[in-house]
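Read in order, the letters of the sequence shown correspond to residues 4 to 287 in this note's numbering.
Hints are computed from structural coordinates only; laboratory data are not their basis.
Since this is a predicted model, take the numbers as computed values, not measurements.
Built from N, CA and C at the ideal position, the CB exists for glycine as well.
Please note that the accuracy of each hint is not assured.
Restricting the straight-line Cα-Cα distance to at most 30 angstroms, the calculated cross-link-like pairs of lysine-lysine (DSBU-like) are [to be verified]: (1) 182 <-> 251; (2) 285 <-> 251; (3) 287 <-> 208; (4) 195 <-> 171; (5) 234 <-> 89.
Derived DEER-like restraints, expressed as beta-carbon distance ranges [to be verified]: (6) 174 <-> 93: 43 to 49 angstroms; (7) 73 <-> 171: 24 to 30 angstroms; (8) 40 <-> 139: 36 to 42 angstroms; (9) 253 <-> 162: 15 to 21 angstroms; (10) 100 <-> 50: 14 to 20 angstroms; (11) 121 <-> 275: 22 to 28 angstroms; (12) 73 <-> 261: 43 to 49 angstroms; (13) 174 <-> 121: 40 to 46 angstroms; (14) 176 <-> 142: 41 to 47 angstroms; (15) 171 <-> 230: 33 to 39 angstroms; (16) 237 <-> 76: 21 to 27 angstroms; (17) 215 <-> 76: 36 to 42 angstroms.
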Amino acid sequence: MKYKALLGIVGALAMNVGAYAQSANLSLKWVPGTVYKYSTTQDMNMTMPMGGNQMAMTNSMLMNMKNTAAEHPKGVAVKTEYTRLKMTMMMGGNAMMEYDSEKGGGNAMLDGAMKPILESEVTAIYDKSGKLLSMEGLDKLKVNEATGISKESIEQMAKQSSQMLPNKEVKVGETWKTKMDMPMGKQAGEMKISFDMKLDSITGKTAKVSFSGAMNGEVGQAGAMMKIEAKKIDGQYEFDTELGQITKMDMNLDFSMTTAEAGGMKMEAKTMTSMKLTGTEKAK
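Using the sequences and the hints given, assemble the complete structure.
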């Protein structure tokens, strides 16, 4: 009986040890004939000087999209369609603009700006290893950058998953570096964010990765140079090793923007972005 009990304990330990893998293949995977549904929320809080006081501005955005994977001669073609866009802009505690495509819009200016995005189809081409090769359809997009959505930001959202993954086998505790371009507007250009990534743990089929980043530089805005300095960039994501997809990601970006001239105006901003894979289904 004692031996049976001991064998039972050893077996239980073996099962538990097996549940916590020491390495995993963190490669992006798209299965042709599958639809992947995502929901992204972003909240930005900004303060800026106005009339001798500090004016607070907030911008909240919800973007729901579906990615349909299909076979392609070079690997996989993934078509992105936006199924819902919601935006609320407030200044000084008062709502300036509100829009929700699910409720028929609600703002004449944003209706016209958002409609082309909702009707757009952008296709990303990946090779069989999950590496992004090219994008199609961006040249047909008609966007109003006053909404905060540009062709560059749409392209960046498509690239994000492939950029945040090492696309290789990684051990627990291992680190790697990556870079991401952050579009700042047509005239301003873009900022480059460098990330330090770390695989923290693997439990079952879920790999958890944490990251921190750095971003500093200057961009042009309304004819003036703005110095951008990141105070804090961090976040984490969960990766499904069987599905080959990031299922959840949270990122915090705390930064300041200061006009380059002496005594220049300074704006403080905090952005919180969350992305979640809400489900998968077979393509019709």
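Here is what the structure says about each hint:
{"no.": "1", "hint": "182 <-> 251", "result": "holds (19 angstroms)"}
{"no.": "2", "hint": "285 <-> 251", "result": "holds (21 angstroms)"}
{"no.": "3", "hint": "287 <-> 208", "result": "holds (28 angstroms)"}
{"no.": "4", "hint": "195 <-> 171", "result": "holds (23 angstroms)"}
{"no.": "5", "hint": "234 <-> 89", "result": "holds (28 angstroms)"}
{"no.": "6", "hint": "174 <-> 93: 43 to 49 angstroms", "result": "holds (46 angstroms)"}
{"no.": "7", "hint": "73 <-> 171: 24 to 30 angstroms", "result": "holds (25 angstroms)"}
{"no.": "8", "hint": "40 <-> 139: 36 to 42 angstroms", "result": "violated (21 angstroms)"}
{"no.": "9", "hint": "253 <-> 162: 15 to 21 angstroms", "result": "holds (18 angstroms)"}
{"no.": "10", "hint": "100 <-> 50: 14 to 20 angstroms", "result": "holds (19 angstroms)"}
{"no.": "11", "hint": "121 <-> 275: 22 to 28 angstroms", "result": "holds (24 angstroms)"}
{"no.": "12", "hint": "73 <-> 261: 43 to 49 angstroms", "result": "holds (47 angstroms)"}
{"no.": "13", "hint": "174 <-> 121: 40 to 46 angstroms", "result": "holds (43 angstroms)"}
{"no.": "14", "hint": "176 <-> 142: 41 to 47 angstroms", "result": "holds (43 angstroms)"}
{"no.": "15", "hint": "171 <-> 230: 33 to 39 angstroms", "result": "holds (36 angstroms)"}
{"no.": "16", "hint": "237 <-> 76: 21 to 27 angstroms", "result": "violated (40 angstroms)"}
{"no.": "17", "hint": "215 <-> 76: 36 to 42 angstroms", "result": "holds (39 angstroms)"}
When held up to the earlier numbered hints, the structure conflicts with 8, 16 and fits the remainder.
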